[in-house]
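2 protein chains.
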Amino acid sequence: MRFEVEFSDPSSQARAGKLHTDHGVIETPIFMPVGTAGTVKAVHQRELAEDVKASIILGNSYHLYLRPGLEILQKAGGLHAFNGWDRPILTDSGGYQVYSLAENRKITEEGVHFRSHIDGSAHFFTPEKAIDIQRVIGADIIMAFDECTPYPCEYDYAKKSMELTHRWLDRCISHFHQHSELYGHKQYLFPIVQGSTFPDLRRISAEEVAQRDQPGNAIGGLSVGEPHEEMYEMTEIVCSILPKEKPRYLMGVGTPENILESISLGIDMFDCVMPTRNARNGMLFTSEGIINIRNEKWKDDFSPIDEGIEGYASNFYSKAYLRHLIISKEILGAQIASIHNLTFYLWLVKTARTMIKNGTFIAWKNNMMEKIKRKL
Amino acid sequence: MRFEVEFSDPSSQARAGKLHTDHGVIETPIFMPVGTAGTVKAVHQRELAEDVKASIILGNSYHLYLRPGLEILQKAGGLHAFNGWDRPILTDSGGYQVYSLAENRKITEEGVHFRSHIDGSAHFFTPEKAIDIQRVIGADIIMAFDECTPYPCEYDYAKKSMELTHRWLDRCISHFHQHSELYGHKQYLFPIVQGSTFPDLRRISAEEVAQRDQPGNAIGGLSVGEPHEEMYEMTEIVCSILPKEKPRYLMGVGTPENILESISLGIDMFDCVMPTRNARNGMLFTSEGIINIRNEKWKDDFSPIDEGIEGYASNFYSKAYLRHLIISKEILGAQIASIHNLTFYLWLVKTARTMIKNGTFIAWKNNMMEKIKRKL
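So the sequence lines, in the order shown, correspond to chains A and B. Sequential numbering of the first sequence, starting at 565, is according to our numbering. Sequential numbering of the second sequence, starting at 565, is according to our numbering.
Since the hints were made in silico from the structure, they are not lab data. Hints are all accurate, no fakes.
Same chains, same label: a pair holds when it works inside one copy or across any pair of copies.
Computed cross-link-like contacts, BS3-like style, restricted to lysine-lysine with a CA-CA straight-line distance of at most 25 Å: (1) 605 / 893; (2) 693 / 863; (3) 693 / 724; (4) 914 / 935; (5) 861 / 935; (6) 861 / 639; (7) 639 / 863; (8) 937 / 863; (9) 810 / 914; (10) 693 / 639; (11) 810 / 750; (12) 893 / 639; (13) 937 / 617; (14) 724 / 670.
These numbers come from a predicted model, not from an experiment.
Based on the sequences and whatever the hints tell you, model everything.
See the structure below:
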């Protein structure tokens with residue numbers, strides 16, 4: 565997998581790069597909208613490409629495995645063919661959802677037994693199974709099967725869990741190489757660094773992961789409830805060990821602030837449900853700050869949602885209209901807010917990239933941080 | 565209000581016309597998507613214009629009066645400014661929703677007392693109030709305040725109700741002329757023919773309405789549960805009396821079959837929640853017949869939703885993908901199905917118009933009727 569670091573910020577670890585896949589080039593740093601069940605909730609594929617300007621989206625193996633199921637996905641020719649998204653896709657391994665959503669979970673050396681949150685049916689995921697599932701889904705980037713520890717986590721459990729994740733990683737890599745792609749385009753496997761919030765475990769895990777020499781690397785088990793300072797500390801430690809010439813993906817992160825801060829620590833890729841989930845609840849991220857659109861103060865504010873960025877939803881619809889839709893529980897409210905928030909996230913990482921290229925990243929970031937975290 | 569009948573079908577009462585408003589020309593026969601609370605559910609304004617190719621949409625006075633309320637709508641400069649739809653809008657008078665949705669309804673000569681279905685607050689609608697509300701909403705075509713009788717309905721009640729509707733009509737017309745437009749563009753008032761399913765009452769009502777010499781006329785109180793044959797019979801009677809040189813609007817109708825049949829009886833305008841409401845439940849109207857997309861048989865049908873019509877949603881997404889979204893209760897499922905159904909409805913009336921112009925309407929209609937009512 566070709567990854568070029570084009571520019572490195574002299575005042576931080578931030579970098580601007582290009583990641584090449586068979587479905588297109590991804591300019592980094594990048595935010596990847598989450599398309600849980602093969603759809604980024606409330607957003608058309610055309611809107612994702614043309615309005616949000618997403619260059620890669622996520623799919624969730626756990627959800628796709630349960631519905632529509634592997635038989636349908638394989639018959640369709642993979643997720644790209646199934647949902648019509650022809651740019652890159654990344655899938656998680658299903659691990660995180662098994663821990664956060666599934667029922668009657670039981671972890672063994674071999675894998676994880678669980679029951680579907682939809683119909684209670686029994687399933688068993690192993691590292692090998694997670695690879696098989698992701699071969700069928702056919703994402704461009706696929707993730708190793710790991711255990712994601714909760715926060716807080718006892719040191720002993722975190723250590724044992726991390727070691728299990730490393731053993732599972734070797735099984736993933738081995739299985740990955742024994743079974744090839746199904747649809748003609750290349751797939752790349754990213755391992756995941758674990759170790760909870762313990763610096764020594766994070767160092768060990770980063771070194772183990774780096775040694776596997778995979779095409780890109782991810783950091784998991786963060787943004788699960790720990791203070792932001794701990795998340796940044798772990799990210800900094802891990803980034804200092806993971807190879808510079810490979811893309812680094814911080815899983816499940818986060819707020820606009822988290823993203824800018826983590827870019828400065830050397831992260832290239834992000835995903836998070838926050839822009840879409842919060843949108844459905846009426847929380848907007850804008851270039852001027854955070855808006856709770858349900859607030860009375862927006863009821864007669866007929867100005868566009870966000871004039872500071874370009875985009876149909878952000879510029880065409882007014883705050884007062886969006887407030888009316890969200891208060892009235894109209895589907896269009898979720899649609900507008902979701903497109904807007906994603907457009908803002910993609911604008912944010914694209915602007916960060918431009919600033920890195922211009923050598924003005926840190927000054928811009930310090931300025932943006934003040935704006936994006938204030939409540940309007 | 566300028567309305568030109570451009571072509572009249574020699575074998576039926578069908579006609580093709582053009583209706584001129586300050587927000588644009590409406591080619592008839594036309595179907596008007598229902599935008600209850602200032603939004604056609606699950607469809608962006610841009611999609612309505614560019615994909616669905618709607619030339620006019622509806623707003624509901626009852627819903628808009630309750631939310632966002634008249635103060636906000638007036639501050640915005642009317643509904644067009646509020647929701648950004650710059651083509652024609654028609655609003656109903658609120659009468660139908662007061663009867664079907666509101667609570668503690670009490671009808672007097674003066675008007676209707678009711679309680680909001682949202683918060684139980686007490687309100688009082690009169691013919692004058694209905695006009696005032698519609699002046700504030702600012703639709704291009706506004707409707708007289710009527711009583712819509714249920715089906716079945718006793719003859720005596722239907723007669724008394726119809727007479728009340730006629731007295732209310734005169735109050736509407738008088739009030740309409742005493743208060744002018746608020747936003748610079750012209751508004752036109754359409755009276756409504758009532759009379760339940762009684763031919764003599766329908767004749768009386770049509771004559772009363774015709775005498776008022778308003779710019780267009782509507783038929784209410786149909787499609788409320790009566791057999792289709794009775795609906796067609798009433799429509800035929802009323803159309804034989806209403807002036808040919810003015811547009812005729814059959815309120816709340818209906819299925820694709822109902823629309824083609826009613827076009828042949830001389831109707832020019834239609835509205836119905838069916839294409840959007842049924843879409844959200846997974847029922848699709850297509851050029852080949854009716855699809856219940858939840859049905860197992862579509863699970864691996866990767867062909868487009870409808871290749872017989874042109875449109876993003878209909879051509880881009882597959883039946884199997886839409887089935888997955890609807891089964892998974894994903895918002896995008898409601899979005900795709902809504903755009904598709906509306907695109908089909910607009911395609912149907914546009915094609916009917918072309919056939920009327922070509923003098924081939926009846927042959928085409930007979931052929932289409934077989935297709936559009938069959939279950940696939």
